[in-house]
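Trainee: In order, the protein sequences belong to chains A and B. Everything in the first sequence is counted per this note's numbering, starting at 1 for the first residue and increasing by one. Everything in the second sequence is counted per this note's numbering, starting at 1001 for the first residue and increasing by one.
Certain hints may be false.
[Stated by the list, open to error] Short derived list, chain B residues pointing at chain A, Cβ under 10 Å: (1) Tyr1112; (2) Thr1117; (3) Leu1173.
[Unchecked claim] Listing some non-contacts, in silico: residues in chain A with all C-beta distances to chain B over 10 Å: (4) Met36; (5) Val44; (6) Gly58; (7) Glu67; (8) Met86; (9) Val89; (10) Cys108; (11) Gly169; (12) Ser175; (13) Pro186; (14) Ile201.
Rather than coming from a laboratory, the hints here were simulated on the basis of the structure. For every residue, glycine included, the Cβ atom is placed at its ideal position computed from N, Cα and C.
In case you want the letters, here they are:
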Amino acid sequence: MSAVAPARPTPRPSPLFAYVPALTGLATVVGFFVLMEVLIRAGVISRYIVPPPSEIIGSFYRVITEEHVFHRFLLTLGECLAAGVMITVFGVAGGVLMHRLKLLQQACETWVAAFAAAPVVLAYPLFMVIFGRSAWTIIMIGFVAALPPVILKTLEGMSGTRKVLVNVGRSFNLSASQQFWKIMFPAALPTIFVGIRLGLIFALINIVGVEFLINYGGLGQLINDLSERYDLAGTYAAICFVILVSVVFFMALEKAERWLRPGD
Amino acid sequence: MAETGRLTRAAPAAPLISPVTLLRAAIILGTLAVWEFLSHSGWLYRDVVPSLLAIGRALADLLSHGDYYFNLGVTAGEIGAALAIGGISGMVVGIVLGVNRFLAKAFEPYLYYLGPTPKIIFFPVMIMWFGVGPGSKIALGAISCFFPVALSVAAGMRGIDKVLIRVGKSFRLTTMQMVWKIYLPAMRHPLINGVRLGLGVALIGTLLAETKLSNKGIGFMIIQAYSVFDMPRMYAQLIMLFVLAIGANALIGRLGGLDKIKTR
Chain A
1 MSAVAPARPT
11 PRPSPLFAYV
21 PALTGLATVV
31 GFFVLMEVLI
41 RAGVISRYIV
51 PPPSEIIGSF
61 YRVITEEHVF
71 HRFLLTLGEC
81 LAAGVMITVF
91 GVAGGVLMHR
101 LKLLQQACET
111 WVAAFAAAPV
121 VLAYPLFMVI
131 FGRSAWTIIM
141 IGFVAALPPV
151 ILKTLEGMSG
161 TRKVLVNVGR
171 SFNLSASQQF
181 WKIMFPAALP
191 TIFVGIRLGL
201 IFALINIVGV
211 EFLINYGGLG
221 QLINDLSERY
231 DLAGTYAAIC
241 FVILVSVVFF
251 MALEKAERWL
261 RPGD
Chain B
1001 MAETGRLTRA
1011 APAAPLISPV
1021 TLLRAAIILG
1031 TLAVWEFLSH
1041 SGWLYRDVVP
1051 SLLAIGRALA
1061 DLLSHGDYYF
1071 NLGVTAGEIG
1081 AALAIGGISG
1091 MVVGIVLGVN
1101 RFLAKAFEPY
1111 LYYLGPTPKI
1121 IFFPVMIMWF
1131 GVGPGSKIAL
1141 GAISCFFPVA
1151 LSVAAGMRGI
1161 DKVLIRVGKS
1171 FRLTTMQMVW
1181 KIYLPAMRHP
1191 LINGVRLGLG
1201 VALIGTLLAE
1211 TKLSNKGIGF
1221 MIIQAYSVFD
1231 MPRMYAQLIM
1241 LFVLAIGANA
1251 LIGRLGGLDK
1261 IKTR
């Protein structure tokens, strides 16, 4: 045999082969749902605790049409964008300020880092006292919780500007503002985008969470509402929907970031 | 220690109080002064910005009662259990995904995108599964904690120097020996970092669940202070919570030697 087929080069994996892992993952997920369906129908798992997946899928349509899901989605998205604009403005400004004033950076950088690790969302009763049970409470929690990564990443980007670029600016005798707008800021922009993306993720998590907790606003409230009505299949469907929305949101942010910084 | 020694040698004529310390003190004192001024000015509702004296008194009152320590113990127990369950399962999954390329390709995308979704929305489901007691809080904390630990460990596994793995293989170590003698020591830093992230989100998950529905724990105490509108008490509890959370975070970082990596 070996004489007939001498040292054949290893076959290049066909493009179809590249999908095998992804398909395995998908098949496992589908298999899991089928297993649940079987177990629930067989009565091993109570259907009053976990409704059968088929019922959950069936209630998707009901939840979407009857619960104004699109309107809620826009509400949550609007809150996220408001928080996003605020973290971009204040976060980048804060980062630039701290980069300019070295003393301020030395004094406060560790504070900002510690604040990034603080469970800000747990202060939501405080925000409710200050802003009332309104969209502003939700937006402000998203803003405060998502601010530190933007400040820190802006600072990192500004400090990480390559010495060569700074020297080029100096050799062209740029003024301080030119040096900032033509050299420092563009060089820091990719890192700033990372910060804003992280910030938006934090903002979304906190915003949906607080909506659920204070029972106000968009998608988070939907889950609270359905669960308080003991609409079990509806609750599960709404949770799936919110997860889907957040995953799409993260993917879109990643795409946007890659599109904004095609260099690397 | 060597670091401190070097710093003092480099700046022998340092003033008694460095400008950074001075600025920090000025910022803290300034904030406190503005706060006190606002609380007496009558521009805001008096209860929203209580005087520092009232907060201090509430803090002393809080810490002198055994009640607080009981609730702190309950919450600490819940977070500990959540960290143990979520952390260990996350570690196992992370190691498996880190070792096996195929499984990583199949399942890691799900973990990656599910990781940052808001976990608190699972709370209604957790109540159905584990009841209204500590079980549902532990479950929520464990789910929150699982994702960062699993992703961090998987990334850490892939970052291990191949030589170390080959050494282990050439000594014919069993899988368990590989885990204990090669993998875990080699990826100590990503592991500790994962646990640190996990602790942060487990804390948030557990406490948020407590504010939503419970009859003991720190989260319950905070929401109770809110519902009777005892603002000084709520501020005192939030201050304690932030101090404990940031302290625990810093402690884990220091124990794992993470602060040393950053300065290097």
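Trainee: Decide, hint by hint, whether the structure agrees.
Mentor: So, going through the hints one by one against the coordinates:
Against a cut-off of 10 Å between C-beta atoms, the interface hint on Tyr1112(B) holds, since the closest Cβ of chain A lies about 9 Å away. Given hint, Thr1117(B) at the interface with chain A, holds; its Cβ is 5 Å from that chain's nearest Cβ, closer than 10 Å. For the restraint placing Leu1173(B) at the interface with chain A, the shortest Cβ-Cβ distance is roughly 27 Å, beyond the 10 Å limit, so the hint is violated. Taking the minimum C-beta to C-beta distance to chain B, about 13 Å, the non-interface status of Met36(A) holds against the 10 Å cut.
For Val44(A), the non-interface assignment is confirmed: its Cβ lies about 15 Å from the closest Cβ of chain B, beyond the 10 Å cut-off. Gly58(A), annotated as away from the interface, keeps every beta carbon of chain B farther than 10 Å; the closest lies near 18 Å. The claim that Glu67(A) lies off the interface holds: its Cβ sits roughly 15 Å from the closest Cβ of chain B, which is beyond the 10 Å cut-off. Consistency note on Met86(A): stated as away from chain B, and its beta-carbon is indeed over 10 Å from all of that chain's, at 19 Å minimum.
At roughly 22 Å, the least C-beta separation between Val89(A) and chain B is larger than 10 Å, which holds for a residue marked as non-interface. For Cys108(A), the condition that its CB be more than 10 Å from all CB atoms of chain B is violated, with the nearest at approximately 7 Å. Residue placement check: Gly169(A) keeps its beta carbon more than 10 Å from all beta carbons of chain B (closest about 28 Å). At roughly 28 Å from the closest C-beta of chain B, the C-beta of Ser175(A) stays outside 10 Å, upholding its exclusion from the interface.
Every Cβ of chain B is farther than 10 Å from the Cβ of Pro186(A); the closest lies at roughly 27 Å, confirming the non-interface assignment. Distance to chain B contradicts Ile201(A) as a non-interface residue, since its nearest Cβ pair spans about 5 Å, not more than 10 Å.
Against the hints set out earlier in the document, violations occur for numbers 3, 10 and 14.
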